[in-house]
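Model the placement of chain B on the given structure of chain A, informed by the hints.
Chains as they are written, first to last, in the numbering used here: chain A, 1 to 516; chain B, 1 to 325.
If you're looking for bench data, these hints aren't it; they were derived computationally from the structure. C-beta atoms are modelled at their ideal positions from N, C-alpha and C, and glycine is treated no differently. Please note: incorrect hints may appear among the correct ones.
Here are some, though not all, of the chain B residues that point toward chain A, as calculated from beta-carbon distances under 7 Å [claimed, not checked]: (1) D44; (2) G51; (3) P174.
What follows is a set of in silico ranges between Cβ atoms, one per label pair, in the way DEER data are often shown [unchecked claim]: (4) D272/A - P187/B: 23 to 31 Å; (5) R61/B - A414/A: 19 to 27 Å; (6) D465/A - V161/B: 53 to 61 Å; (7) D272/A - A239/B: 51 to 59 Å.
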Amino acid sequence: MTSSIARFVRRSGFGLALLLGSTALAPAQTRGGMAIDANVGGPGTFDPAMIATTIELETLNQMYEGLVMMGEDYRAKPMLASKVDVSPDGMTYRFSLRHGVKFHNGKEMTSADVLATYERYARISPNAVVLANVARYEAPDPYSFVIHLKVASGIFLDILKSPAYPLVIYPAEFKDKPARDPDLTVGTGPFRYGEWQKDSHFIMRRFDGYVADDSAPGPDGYAGRKTVYLDAVRYNFVPEANARVAALQAGDADVAPTLPPELLARFNGRADIAVEKVFPGCQNVLLLSAGNPPTNNVLIRRAIAAVVNAQDIADASGQITRENPSILYAESPYYDAAAVKPYYSQNNPAKAKALLAEAGYKGEKIVLQTNSNYSYMRDEILVLAEQMKAAGMNAEVQVVDWMTNANNMAGRAAGWNISTSGFCSQPLLGPQQWRNMVYNFANIKGDTALDTAYDAFFASVGVDDRRKAWLAAEQIILGNAYFIKIADAGSVFAYSKKLSGIRPWYNIRFWNVSKQ
Amino acid sequence: MNEGLLRRGAAAAGQLARRLAQALPVLLVVAVVTFALLHLLPGDPAVMIAGDQANPEVIARIRADLGLDRPLIEQLLRWLYALVQGDFGRSLMLNQSVLSAVVERLPVTFSLAVLSLAITLPIGIVLGASAAYHRGTWLDSLVMGVALLGVSVPSFWIGIVSILIFGAVLHWLPTGGYVPIGMGLRPWLACLVQPAVVLALFQIGFLARLTRSAMLEALQQDYIRTARAKGLGEWLTVARHAFRNTLIPVMTATGIIISLLIGGSVIVEQVFALPGMGRLVVQAIMARDYPLVQGTMLLFGFAFVLINLAIDTLYVLVDPRVRYG
Numbered sequence: 001m002t003s004s005i006a007r008f009v010r011r012s013g014f015g016l017a018l019l020l021g022s023t024a025l026a027p028a029q030t031r032g033g034m035a036i037d038a039n040v041g042g043p044g045t046f047d048p049a050m051i052a053t054t055i056e057l058e059t060l061n062q063m064y065e066g067l068v069m070m071g072e073d074y075r076a077k078p079m080l081a082s083k084v085d086v087s088p089d090g091m092t093y094r095f096s097l098r099h100g101v102k103f104h105n106g107k108e109m110t111s112a113d114v115l116a117t118y119e120r121y122a123r124i125s126p127n128a129v130v131l132a133n134v135a136r137y138e139a140p141d142p143y144s145f146v147i148h149l150k151v152a153s154g155i156f157l158d159i160l161k162s163p164a165y166p167l168v169i170y171p172a173e174f175k176d177k178p179a180r181d182p183d184l185t186v187g188t189g190p191f192r193y194g195e196w197q198k199d200s201h202f203i204m205r206r207f208d209g210y211v212a213d214d215s216a217p218g219p220d221g222y223a224g225r226k227t228v229y230l231d232a233v234r235y236n237f238v239p240e241a242n243a244r245v246a247a248l249q250a251g252d253a254d255v256a257p258t259l260p261p262e263l264l265a266r267f268n269g270r271a272d273i274a275v276e277k278v279f280p281g282c283q284n285v286l287l288l289s290a291g292n293p294p295t296n297n298v299l300i301r302r303a304i305a306a307v308v309n310a311q312d313i314a315d316a317s318g319q320i321t322r323e324n325p326s327i328l329y330a331e332s333p334y335y336d337a338a339a340v341k342p343y344y345s346q347n348n349p350a351k352a353k354a355l356l357a358e359a360g361y362k363g364e365k366i367v368l369q370t371n372s373n374y375s376y377m378r379d380e381i382l383v384l385a386e387q388m389k390a391a392g393m394n395a396e397v398q399v400v401d402w403m404t405n406a407n408n409m410a411g412r413a414a415g416w417n418i419s420t421s422g423f424c425s426q427p428l429l430g431p432q433q434w435r436n437m438v439y440n441f442a443n444i445k446g447d448t449a450l451d452t453a454y455d456a457f458f459a460s461v462g463v464d465d466r467r468k469a470w471l472a473a474e475q476i477i478l479g480n481a482y483f484i485k486i487a488d489a490g491s492v493f494a495y496s497k498k499l500s501g502i503r504p505w506y507n508i509r510f511w512n513v514s515k516q
Numbered sequence: 001m002n003e004g005l006l007r008r009g010a011a012a013a014g015q016l017a018r019r020l021a022q023a024l025p026v027l028l029v030v031a032v033v034t035f036a037l038l039h040l041l042p043g044d045p046a047v048m049i050a051g052d053q054a055n056p057e058v059i060a061r062i063r064a065d066l067g068l069d070r071p072l073i074e075q076l077l078r079w080l081y082a083l084v085q086g087d088f089g090r091s092l093m094l095n096q097s098v099l100s101a102v103v104e105r106l107p108v109t110f111s112l113a114v115l116s117l118a119i120t121l122p123i124g125i126v127l128g129a130s131a132a133y134h135r136g137t138w139l140d141s142l143v144m145g146v147a148l149l150g151v152s153v154p155s156f157w158i159g160i161v162s163i164l165i166f167g168a169v170l171h172w173l174p175t176g177g178y179v180p181i182g183m184g185l186r187p188w189l190a191c192l193v194q195p196a197v198v199l200a201l202f203q204i205g206f207l208a209r210l211t212r213s214a215m216l217e218a219l220q221q222d223y224i225r226t227a228r229a230k231g232l233g234e235w236l237t238v239a240r241h242a243f244r245n246t247l248i249p250v251m252t253a254t255g256i257i258i259s260l261l262i263g264g265s266v267i268v269e270q271v272f273a274l275p276g277m278g279r280l281v282v283q284a285i286m287a288r289d290y291p292l293v294q295g296t297m298l299l300f301g302f303a304f305v306l307i308n309l310a311i312d313t314l315y316v317l318v319d320p321r322v323r324y325g
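Chain A extracted, bound-state conformation (with noise of 0.2 Å):
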């Protein structure tokens, strides 16, 4: 026996998520015009193998589709799935596929097209280790492909959502193209590859062959049922924040997001522009190396997290900010801010002092290792410093470029304690998107309790069971301090008022709007 599409619906909240999506149709809309988004920076290439950075994601997700992709509510819709059976015993995924969808060259996509993409996903991709699970594909028809697994897994569908690394499909003739290879353009999205110069521009054009899915009610975060009136979107690459909101003021463009709140006054007195503050976006967090000393003794690390004073360390960044203890968001089936409440913003450099006592630290020096690109990792670093010096620790700042400093943190470096990051899909996705950052970021080896409770999770088909799961491994990863919690951070964009049918989400998406 199987569980049928109406179990994935109920399971993912998907009706909930299109009758949102279908109470906020903007009225009126009217087809033409081209949207112009002056945004921060630009792709470096199309291939979504190969894309994790939020400006690249932003165009990709909107040029193609996956099998799931990330509703509204951030958990997994069917998109180029009519259909998912999942087994009982959780070994198999049974995705059937709609009928007639076409890739931007024509060609209507198959099982073949989507068995390609798999494979050539667990070939060349940074993040194919997410299939490391899979014992073997089928593709029985050119409707249907089957994911068999090697151990159960609740979260499968989880992982295909993900927009970083996008298991999105392109046609099967691309199976053999390198990573990154400027061919890889074509996939079933409603917008399609126009014009692309480098540092300059982006055009993405309406793809009038898009086959819509026409069984949803309307659009839902990356999936749903998707309308495009626009001609066109340009997406002009301005790096400088205080041209992008000239851009916008201007007229030069229609969209300006990524702004720093300080600039958002300039646009008092116009009521033809609208200013949106959206929660999620990223989330603050401090990462201990438990790898380099002294900060591999968790009495230390621990010492560290009892000063922290996450309010003023936020307040610091200049960035919108709201408490928030856990690395998860309250939309997470798995967030439970309460069991992690004590460990955040504890504010408390007494008891620092007795865990320094009981660690016998003797004043070594404790590097925080921040970076010049980004102000708000530097500012929040600098506030960090001053509340370990008051507790009686020997911080030393250490300020290098953001390649240095990611460097060192994901390479397991030597020569830092202490650094900071933003995380923006993490904790959107869940605690599997969370794991490689934890082991590699905090430098883990050989925490069996860690191991344990993230295999129990992995291992877990029912909810309640991962649930358990992550706590008990989130409860590690903060209670050891491996990370420290800060705030979650909002984005703030801006945009015309010309532009109808903008929603605020984690990224920005161009169908369903209009230009009057």
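Below, chain B without anything else, positioned relative to chain A:
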């Protein structure tokens, strides 16, 4: 045909060839130093390409694919061997040849530099010469004050203020971006005039101060007194005798200014969202895109050699006392 002219032409061509040949060791040093400095920087392009989800095994695989796991000396020799065959390598982040990436962006930076130079030279020279001629007057003080402001105020700040005033408030000029000259002279000028002026402000200040001091020195020479004593008109005395003798330092400064314009374009291109060489190099350094940084630095080095060569050649035309060979 005039035999003397032919002989001088052949000599000039020989001189040019010798100077270009002398540039080769310079370019080799530029290549090796750039390679060494870049690889001394911490950071690994494989990490950038792999993204933050990748585990160490994936990063190691990408390093091997890119040849970054090989000994540095082997990487250097491979690069130099490809260079002598005209292959500047392939950008790691753009997945295109370094040469094509440069060719795509060169027109932007070239346009910006030429326009900026066209603004800098007449204004800088006239201001400097006027200040020198009217030394000690309010005009001198005003010009030197403006020149000081030009060299002191950071170009990113002037750029932002300029965008706000001329773009957002007055709507006279676009707030950023680039339109190729092929799409019309007017839109090309409209998008370049702001960044070109901003870029020129520093150079105008620099050139005006230098021209003033060279002109002051020339105006105090005996031949100026002689010219005036023999009754030559003031305009002719200044233009023909004093000004011409300031041209050698002014031309030397022009060579430096062209180099500064290319260097200064990094910030101006960022502020005005121009897809030029400056942005390319900054992004390449940030991403540790070794082939792209090495290739562009080598091309910059070659451009500077050519600029110096052109300036040296112009010396001969301006001052008959200068001879090479």
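Structure-based check of each hint:
The closest approach between the C-beta of D44/B and any C-beta of chain A is roughly 5 Å, which is under the 7 Å cut-off, so the hint is satisfied. Residue-level restraint check for G51/B holds (minimum Cβ-Cβ distance to chain A is 4 Å; threshold 7 Å). For P174/B, the interface hint holds, since its Cβ comes within 7 Å of a Cβ in chain A; the closest pair sits about 6 Å apart. In this structure the hint that D272/A and P187/B lie 23 to 31 Å apart at CB holds, the actual value being about 25 Å.
Under the hint 19 to 27 Å, the C-beta atoms of R61/B and A414/A, about 23 Å apart, fit the expected range. Distance hint for D465/A and V161/B: a CB-CB separation of about 60 Å, consistent with the stated range 53 to 61 Å. Hint check: D272/A to A239/B, Cβ distance near 55 Å, so the stated range 51 to 59 Å holds.
Of the numbered hints listed earlier, not one is contradicted by the structure.
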